[in-house]
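Line by line, the protein sequences are chains A and B. Following the numbering used here, the numbering of the first sequence begins with 1 at its first residue and continues without gaps. Following the numbering used here, the numbering of the second sequence begins with 334 at its first residue and continues without gaps.
You may find that some hints are simply not true.
To be verified - Here are a few chain B residues that sit away from chain A, every Cβ distance over 12 Å (derived from the structure):
1) 405
2) 480
3) 513
4) 643
Claimed, not checked - Computed footprint of chain A on chain B, listed as stretches where at least three residues anywhere in the stretch have a Cβ under 8 Å from a Cβ of chain A:
5) 489-502
6) 654-661
These aren't lab readings, by the way, just hints derived from the structure by calculation. Built from N, CA and C at the ideal position, the CB exists for glycine as well.
Next come the chains, spelled out residue by residue.
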Amino acid sequence: MSSMQRLLGAAAVTAMSAAVASAEPAIIFDLGGKFDKSFNEAAYTGAERWAEETGGSYREIELTSEAQREQALRRMAESGANPVVTAGFAYQSVMDQVSPEYPDTDFVVIDTVVDQPNVRSYIFSEHEGSYLVGMLAAMASESGTVGFVGGMDVPLIRKFACGYVQGVKAVNPDATVIQNMTGTTPAAWNDQTRGAELTRSQASQGADVVFHAAGGTGIGVLQAAADEGILGIGVDSNQNYLHPGSVLTSMVKRVDNAVYDAFVDGTDGDDQFETGLMVLGLEEEGVGYAVDEHNQDLITDEMRASVEQARQQIISGEIEVHDYSTDDNCSTS
Amino acid sequence: MPRWADVALVPLINLVLAFLVSGLVVLYIGENPIEALVIMIRGAVGSAYGWGYTLFYATNFIFTGLAVAVAFHARLFNIGGEGQAAIGGLGVALVCLAVPWPHWLLALPAAIVGGAVFGAAWAAIPAYLQARRGSHIVITTIMFNFIASALLVYLLVDVLKAPGQMSPETARFPEGATLPNAGVLAAIGLPFRPSTPLNLAFLLAILCCWLVWLLIWRTRLGYQIRAFGHSEPAAVYAGISPFRITMLAMLISGALAGLMAINSVMGEAERLVLDSVQGAGFIGIAVALMGRSHPLGVFLAAILFGILYQGGAELEFEMPAVSREMIVVIQALVILFTGALDNMVRLPVERFYLHRRTGHL
C-alpha cells in the first residue's frame, strides 16, 4: 500500500508541476497521423511554424484509436497546456462534453463547430475550394471524364465531392464525374494501395484528372495518377511537389494557418482568446488552389483567368456554391 | 508439466521475453527502457485515473476474449468479434435511443438484450454457412467484419446521424440510459473520478466470466461443445448434432461480443460512433489464446492488455520520442510472443519438467 501511495503522490506532484509551468500550447492529431502529407501534416506545419518563429515548444499527441479521443483531450487539458487544438471533425461531441469541465483552458476545434464559451471553431469552405479545382479539372480534362477519390463516405468528404462536381459541371455540363470512396473503416484514411487501385480503375474508365480528399490514401492516388500518365489533384497541403508535372494543382486548406493563429492568440499573454466560429473561405484565403513552380506549366493563363474570375464571383456572392453540410444533400451529383 | 507452469509460468516467460525485445526497441530509438517500463506501469496501475482506463479497456477485451474462447471450445475460430461487437453496438444504440429511459436499471436489461441479440444475429449467418454448407468460419466471419463496418457507415451517415453535425454519429443517449460510472466509488473512499470511462459494465464482464465457466464446465451443452471441439466424429457417434453445436456456440460467441457494446457504447461514449469497437474484436483473439480459453485466464489476459493499452497511451504522452507506431510495435511483440511463439517457450519448459521427473531427456 505504501508504494501505491508513493506512486499516487508522485503522480500528483508531476501533475502540479506541469500546471505551474508556463502554459504550452498543445495539438492533438487525428487518426491519419501527423505525417499524412495532408490534413494532419498541414496542422503540424502550422504548429512547427509557430515553434520556429517564437522559439517556444508545444505538446502533441497522435491518436491511435477512437477510445483515446477523450482521454487525450483530458490529458492535455490536465497537463496545463493552453490552448489545446484538436485537428479533425470527429472531435465535435467529445469537445462539447469535455470543454466545460476545464473553463480556464482555451480549446480549438477544426472542421466542426462546438458551441461552448471556451472553444474556438474553425470551419473551412471546402466546397468553394473544391469548386475551383473542379473547374481546373474540367478544363484540363480532354476526355470529359474526371474522377474523385474520397477517404470515407462521411459528410465532410461529401462536401468536398459536392463542390468539386459543381465546379466541373460549371465548365463542362456534360462532363462525367466518377466518384469512389476508399473504405468504410478509419483505415481508409491511410490506405495508399487502395487509393492507387481506385485511381487506376477510374483511369481505365476514361478519367484523366483525379481529385482526392482522402488524407494519407491520397499519396497512392497521386502516385497512380502519375504512373498512369494522367493528372492528380492534391488536397489540404500543397501536394504539387510530390509528382511535379503530374499534379494539376492542390486544393489547399490552410489548416496550418488555423493552428498557427490559435497558437499565437492563445500564448500571447493577454487573457483574451477569441472564441466562437471562424469561417475560412476563399476571401480569407483559408482555401484555394495552389500554383507553384511544379505545376505552372499545367495551368494555362486562360485557365487561371477563368478560375480567378470564378473566385471573385464566389467571394462577391455572384456564384453560389452549394454546401453539402447545410442540408445533407447534393442535388448536382 | 504441472498445471501452474502451464497457466502461469509459460505466459510469464513469454511476457518477459516480449518486454526484453521491446526494451531493445526502445533502446534503439534512444530512450531509457527501464524508464519507459516504469511510465507504462505507473500510467496503467499507479493511480485511480490509470485503473479507470485500464479496467475500461480490459472490460472490452474480456467480452471479446470470452467470445473467442467459447467458439474455440467447439474448435470454431470466430475472428468476427469486431463485426459482432459493432453490430451489438447498433443494437444497444437502437435500444437506448428508442425509449426515453427513466432509469438505467430499466435501460440496462433492455440494452443487454439488444446488444446480445444483434451480436448473435451477426454471428448466426457465418455459423449457418459453416454448419450447413461448410463455408469456413474464418473466412466468413472476417468478411462479415467488413460488411458490418460498411453497414454502420451507411446507417450513421445517412440514417442515424443527428441532423446538423459533421461527425457521423448518433445523438447522445438520454440521461436515463447512463450507466453508473466508477466515479460513484468516490463516495466509499476509492479515488475514482467520473471522467474515467470505467463503468458498471466491468461487473457485467466478471459475471459473464463466471457464466461462461458455468456453461463450459458445468452444463450438458458445455460438455457437448467441448466434446464436439475435441473430435467431431466421436461427438456425432455420441449423438451430438454438429449443426446444433456449431450454431449454439457461435450464437453465444456473437452475443458475448455484442455485449462489449454495453461497455464501449452505453457506458463510455453514450452514443454510437463509427468504429466503436476499436480493434477490441481482434485483441480478443490474443486474449483468448493467452488465457487458454479459460474464463479466468481470459480475465487476467484482458487486464494485461488493458495495462498495455493504457500504459502505451501514457508512454506516448510522456515520451514524445516514442511514437504511436512504437506503441503498436510493443503491443504486437506481446501478442507475437504470447500467441504465435507460445510453443517456443512451452516446449523447452515441458522438456525441463519431463527431464526433472524422469532424470533424462
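Structure-based check of each hint:
1. Against chain A, the non-interface label of residue 405 of chain B holds: every CB pair exceeds 12 Å, the least being about 25 Å.
2. With a least CB separation of 9 Å from chain A, residue 480 of chain B falls inside the 12 Å interface cut-off, contrary to its annotation.
3. With a least CB separation of 17 Å from chain A, residue 513 of chain B remains clear of the 12 Å interface cut-off, as annotated.
4. Residue placement check: residue 643 of chain B does not keep its beta carbon more than 12 Å from all beta carbons of chain A (closest about 8 Å).
5. With 8 residues carrying a beta carbon less than 8 Å from a beta carbon of chain A, the segment 489-502 of chain B meets the three-residue requirement, and the given coverage holds.
6. Under the rule that three or more residues need a Cβ within less than 8 Å of chain A, the assignment of the segment 654-661 of chain B holds, with 4 such residues.
The structure shown violates the earlier hints numbered 2, 4.
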